[in-house]
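There are 2 protein chains.
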Amino acid sequence: MDERELSFWGWGYADKFPDDEERRELAARIEGSLGFPERPLLDPPEIESVSVPEPRLAVPEELAGFCTTAKRARVGHTYGKSYRDLVRGFHGDFSAAPDVVARPADESDVEALLAWAAAACVAVVPFGGGTSVVGGVEGDLGDPGNGAGIEVTNGDGAGDVGGVGDDGDGGGDGSDGAARRAAYGGVVSLDTRELDRVLKVDSRSRTARIQAGALGPEIRDQLAEHGLQLRHYPQSYEFSTLGGWIATRAGGHFATRYTHIDDFVENVRMITPEGPFETRRLPASGAGPDPNRLVLGSEGTLGVITEAWLRVQPRPGHRSRATLRFASFEEGVAATREVVQARLSPANCRLLDANEAMLNEIAFDGSSVLLLGFESFDHPVESELDRAIEIGESHGGELSEGPAHEQPDGAEDEGDDTAGDEGRDGDESTDDGRTDDRRVDDGDEAAEGEERDGSETDDWRSSFFEAPYRYNALVSIGVMADTFETAVTWDRFFDLHEAIQESVGGTMQEVCGAGFLSCRFTHVYPDGPAPYYTLLAPVEPGRELEQWRAVKQAASDTLIEHGATITHHHAVGRVHREHYGQEAPAGFREGFRELKSTYDPAGIMNPGVLIE
Amino acid sequence: MDERELSFWGWGYADKFPDDEERRELAARIEGSLGFPERPLLDPPEIESVSVPEPRLAVPEELAGFCTTAKRARVGHTYGKSYRDLVRGFHGDFSAAPDVVARPADESDVEALLAWAAAACVAVVPFGGGTSVVGGVEGDLGDPGNGAGIEVTNGDGAGDVGGVGDDGDGGGDGSDGAARRAAYGGVVSLDTRELDRVLKVDSRSRTARIQAGALGPEIRDQLAEHGLQLRHYPQSYEFSTLGGWIATRAGGHFATRYTHIDDFVENVRMITPEGPFETRRLPASGAGPDPNRLVLGSEGTLGVITEAWLRVQPRPGHRSRATLRFASFEEGVAATREVVQARLSPANCRLLDANEAMLNEIAFDGSSVLLLGFESFDHPVESELDRAIEIGESHGGELSEGPAHEQPDGAEDEGDDTAGDEGRDGDESTDDGRTDDRRVDDGDEAAEGEERDGSETDDWRSSFFEAPYRYNALVSIGVMADTFETAVTWDRFFDLHEAIQESVGGTMQEVCGAGFLSCRFTHVYPDGPAPYYTLLAPVEPGRELEQWRAVKQAASDTLIEHGATITHHHAVGRVHREHYGQEAPAGFREGFRELKSTYDPAGIMNPGVLIE
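Residue numbers (this note's numbering), protein chains in the order written: chain R, 1 to 612; chain E, 1 to 612.
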C-alpha cells in the first residue's frame with residue numbers, strides 16, 4: 001500500500017476522494033432525503049498550500065537515521081481521523097504538527113528514542129495507523145477543539161504547558177493537572193509501521209507472535225501462509241495496527257463471543273522509558289491483577305507496544321446467516337436480547353434501526369433489521385441459526401427474502417456460498433470448507449459476514465469499510481458526520497436511547513437547524529448492548545468545530561448521566577478525557593497516574609491522553 | 001450452616017472428621033496402594049488445649065459492637081485451609097492469631113474500622129470463607145513456613161515488622177521491602193460474612209447485585225427464588241464467598257467458556273481506606289484499562305470488596321455428557337486440545353491422568369479419562385457432544401460404558417436425567433427442563449456435571465467437594481497432601497509435565513522417601529491447559545513443614561522455569577509471592593505498589609500479600 005498515496009487530511013487513499021459531480025450528487029441526495037438546506041461544494045486542501053511550524057527540536061545524530069522533520073511526514077502525523085480531525089485538516093490547519101516523526105526499525109531504536117526523549121523532556125506520541133477518532137495520536141495537549149499547539153519552552157525543562165483549554169472536552173481537573181504537568185521541549189510522533197511482521201506461529205497452541213505496527217491486511221496475509229486468521233475486524237481494519245488495537249481496546253467484527261482485541265491477547269510486549277515490559281505468555285492466570293489488562297487500554301501512556309502473542313484460528317468454513325426484519329425497533333431489541341442471552345454466540349448479531357437500515361440502503365420502509373451470522377471452522381452451525389431465527393420470529397421478526405437462509409452453508413462442501421451477491425464468493429467454494437491454506441482471503445474477507453446477509457444487503461459491505469471514506473466527502477459539502485458508541489445494561493437501554501434522541505437530536509436542531517441520527521448495535525452481550533450512533537447535520541463552514549462541540553457535549557453528557565460508558569471501543573484519547581473522569585471509579589485515574597510514574601517518570605508518554 | 005460447628009483447624013464441618021477406625025483404614029489403603037511406610041495415627045487437637053497470645057489491641061468503643069477478641073473467633077481466623085495451615089492447626093499452633101476479629105454488619109462498619117485501623121496503623125486482613133490455600137488470610141507477615149507471628153510494636157506507629165524470614169517462599173526483595181514496610185500495632189481479621197444478601201436481581205439484564213460475604217450456597221438459594229443461577233463452582237464453593245472469589249480470581253466449574261469469576265463480574269464495589277471504589281455497571285467498555293481487572297486479583301490489598309453485580313443465567317435444562325478413556329495420557333491430551341480448539345465450548349472438559357483416575361476411583365487400569373459435558377438452558381446440546389466424542393475417538397478414545405451417552409438429554413423433556421446414579425436426579429425430571437423456579441437446586445447441584453459423567457464415576461462428586469475433607473484425615477496420619485495448579489501454552493505442556501514429574505517426584509523421594517503425584521486438567525483453553533497436580537507423601541510428624549517446603553519449592557521453581565504461571569486460580573497470597581515476583585512483568589509489582597498507595601496510603605490492607 002506504500003505505492004498508493006494516502007490522503008494527508010482525510011481517510012484512506014487520496015485517489016478515492018470523489019470528484020465534484022459525485023459530491024454534488026451526494027449533496028443532492030442528502031438534501032432530498034434528510035431535508036438539509038442546500039450544501040456548499042468546498043474545495044479540498046492541497047498539500048502545497050499547507051504549512052507547518054518550524055520544528056522546535058533537533059534529534060541527536062544517532063537517532064537521525066529513523067527520524068524526519070519533512071513536512072509531508074509531519075502533516076500526516078498531526079491528526080487522527082475523527083470528524084474534528086478531518087475538519088481541521090480540510091481547512092489546512094496543521095499548526096499542531098509534531099516536530100519530528102520517528103519511524104524506528106526495531107526495539108533498540110524505540111529504546112534509544114525514549115531515552116533521549118525522557119532526558120530532553122520531549123513528549124512522545126505513539127502512532128500506529130493513525131485512525132484514532134478521539135484525539136489519541138495528536139501532539140496537541142491543548143483544547144481539543146481549537147487545534148492550538150503545545151506552547152513549549154525552549155527545551156530547558158522548566159515552565160509549563162500552555163494552551164490547555166478548559167472547555168467541555170478538554171478540561172477536567174485543571175488546577176491539579178497544571179501543577180503536575182511537565183514542560184515539553186516538543187513532540188515526537190513515533191510511527192510503529194516498520195514493525196509489521198508476523199514473527200512466529202505456534203500452530204500447536206494456535207497463537208502467533210506479531211509485531212505491533214502490522215496493519216490488518218498485513219497480519220491477514222502473513223497468517224494466511226499458515227492457514228490461520230486472527231478474525232478481528234475493526235472498521236479501521238485496513239489502516240490500523242495491532243498495537244493501536246491493543247492500546248485502545250479495539251472492538252472487532254465478527255463478534256459477540258470475541259468482541260474486543262482483549263480476548264485475543266495472550267501476551268504483550270511494550271518498551272517503556274524505564275525499559276521493556278513483557279507479560280508471560282499464558283492461556284490464563286490467576287496471579288494478581290492481570291498485567292495484560294494494564295496495557296490494554298493504556299493508549300500509549302505507559303510505553304510503546306512492540307509485539308504481542310495473539311490467539312488465532314483456522315478460517316471458518318462453516319457459516320450460516322440470515323436477515324430478519326422487524327416492524328419496530330423495540331421488537332428487534334427484544335429479539336436481539338433473547339438471542340444473545342440464549343448464549344447462541346453468533347459471530348455476527350447486528351441490529352439496525354430504521355434510520356440505520358435506510359442509511360445503509362438495506363430497508364426503506366421503517367423496518368429495523370437484524371443481521372445474524374454463525375461460523376465455525378470445525379462443525380456446521382445451521383442449528384444455531386435456526387434457533388436464532390425461531391427466537392427472532394417469536395418477537396415478530398420476518399425472514400428476509402433472498403438466498404441467505406434458503407441456501408445455508410453445507411456441512412462439508414460448498415462452504416459458505418450463499419451465491420448471487422455479485423459472485424464474489426465463487427472463488428471460495430472449491431474446497432472442503434475447512435482449513436485449506438489455499439483459501440487465502442482476499443481483501444473482501446473482513447466484510448463477508450455482512451455482505452452475505454441477504455441479497456438486499458449488497459451495500460452493507462461498502463457501508464462498513466467504505467463508510468469512513470464517505471466522511472471525507474461529507475466534510476467537503478458542509479455536513480457534520482460523526483459517530484459515538486457506548487455500552488449499557490439492557491434495563492437502562494431504552495431510557496438512554498430516548499435521552500440520546502432528545503439531547504443529540506435536539507442539539508443538532510438547535511445548533512445546526514437540522515439533524516439525522518441513526519443507531520445500530522455493533523456488539524451485544526448477555527447483560528446489554530453496545531449501541532453505535534451515527535449523526536449527520538448541516539454545518540456552517542468555519543463554525544464546524546463549535547457546532548460539533550455542542551453536539552458532542554450533549555451526546556457525552558447523556559451517556560454518562562444514563563449509566564452508559566463513554567466508549568465501548570473508540571477509546572478515551574483526549575476528546576473523552578473529561579467524561580472518562582466521570583465514569584472511572586473514584587481514585588482510579590489518580591492511581592493509574594501513580595502507576596504510570598513507575599514506567600514513565602518523566603511523563604513523556606502521550607501526555608494528555610486518559611489523564612491530565 | 002451456623003448451627004453446625006466448623007472445624008477450628010481443618011476443612012469444613014467438625015463432625016465430618018473420621019473416627020480412628022476410618023483413619024486406620026485410610027492409612028492401610030494408602031500404605032497398600034501407594035507403598036508408603038506404616039503411618040501413625042495422630043490425635044487431633046482439642047480447642048481447650050489451644051492457646052492464643054494476648055490481644056495486642058483494644059478497639060475503640062464505637063467499633064466494639066462488631067468486634068471480638070474471643071479465643072474461638074481468633075483461632076478460627078488464624079489460617080486458611082492449605083496443607084501448611086492444617087499442619088499448624090493440627091499441632092495447635094495458633095500463635096499467629098489475629099488480635100481482633102471484626103464482623104461488620106454493613107459498609108459503614110467497614111469504613112469506620114478502616115478509618116481507625118489506618119490511623120492506628122493496624123493491619124487489616126479481609127476474611128471471607130477463609131478457604132485460602134496460599135496464606136492469603138493470615139495476619140502473619142513472617143516466614144510462611146514457621147508460623148511466627150508479627151513482631152509488633154506497642155502501637156505507637158514506630159519500629160519495624162520483625163519475623164520476616166528469607167526462605168524460599170517468604171522472601172524476595174528483602175532489603176527494599178524492609179525499608180518500605182510499615183509497623184503495625186496488631187492485626188484485625190475483617191470477616192465479611194454478615195454481608196450475605198442478594199440485594200437485587202435485574203432479570204432483564206440477567207444480572208444480580210450480591211453482597212461479597214455470601215457463600216456459594218447462600219447465593220444459590222437466593223438466586224433460585226428468581227429462577228437464576230451464577231454457575232460458578234470453585235471446589236471451595238460450600239465455604240467460600242463471592243468477595244473471596246473476586247479478590248483471588250477464583251476458577252469455577254462448569255467451565256471452559258466461563259472459567260474465572262472475572263467473566264461474571266459486571267461491576268464491583270470496594271471500601272478502601274480512602275473511601276468507596278465502585279466501577280460502573282456495564283456489559284463492556286473500552287474506556288481505559290478495565291477497572292474491574294484491578295480489583296480482580298487484588299487479594300485484599302486495596303480494600304474490602306463489599307458487593308458486585310454478577311452475570312447470572314437460568315438453570316440449564318439441556319445437558320449431555322460422556323466419558324472417554326484413553327490408553328495413554330498423550331492421546332487424551334491431544335483429544336482435549338482438539339475439542340477446545342474446535343471451540344465447542346463444553347461446560348465440562350476435564351482430563352484425568354491415570355493416577356488421578358485411580359485416586360478418584362474412576363479407572364484402575366492405567367487409562368486416562370476425559371469427562372465431557374455440555375449444557376444450555378435454551379437449546380439441545382447433543383450435537384456438540386457428538387462432535388466432541390468424534391474428536392475423542394479419532395485420538396483413540398473409547399466411550400465408557402454407562403448411561404451417560406446412551407441416554408443423552410432429551411430436547412425438551414426429561415431434562416438432564418441420565419438415571420441410575422443413586423437416583424439423585426429423579427426429583428428434577430418432572431418439568432420441561434427450562435427455567436422452572438420450583439427447580440431449586442439442592443446441595444448436590446454444584447457437582448452434578450461430574451457426578452453424572454457415567455455410572456462408574458459415582459465417586460467423582462465426592463472427590464470434588466469432599467476432597468478437602470480427606471486432607472484433614474491425611475494430615476492426621478502423617479501424609480503430606482497438597483495440590484498446585486498452573487496454566488501453560490500447549491507447546492510447552494509436555495516439557496513442563498515431564499519436568500514436574502522429575503522435580504516434584506524426585507524431591508518427594510529424596511525428602512520423604514516416597515511420593516505420589518497425579519495430574520488433571522481442570523480448565524482448558526484454545527491456547528493451553530490448566531494442569532492441576534495433587535501430591536501425597538509420607539511425612540515425619542514435627543518435620544512436616546520443612547518437608548513440605550522442599551516439595552513446594554521444587555514445584556514452584558519448575559513452573560516458573562518452564563513458562564507456566566505460579567497459579568491459575570489458587571491466587572498468590574503470601575506463599576506464592578516470591579515466584580509471582582518472577583512471573584510478573586518488570587516493574588509491575590512496583591507500579592501496583594504505587595497504585596495501592598492511592599487507596600491505602602498507610603499500607604494497612606493485607607500487608608505481605610502479592611507484594612512486600
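Among the hints, erroneous ones may be present.
What the simulated footprint calls covered on chain E by chain R, stretch by stretch (three residues with Cβ under 8 Å from a Cβ of chain R suffice, anywhere in the stretch; the number is not a length) [unchecked claim]: (1) 239 to 251; (2) 275 to 283; (3) 340 to 350; (4) 363 to 369; (5) 521 to 527; (6) 563 to 570.
Calculated directly from the structure, the hints in this document are not laboratory data. Note that the Cβ used here is the ideal one computed from N, Cα and C, for glycine as well.
Earlier hints that do not hold, by number: Hint 4 contradicted; others consistent.
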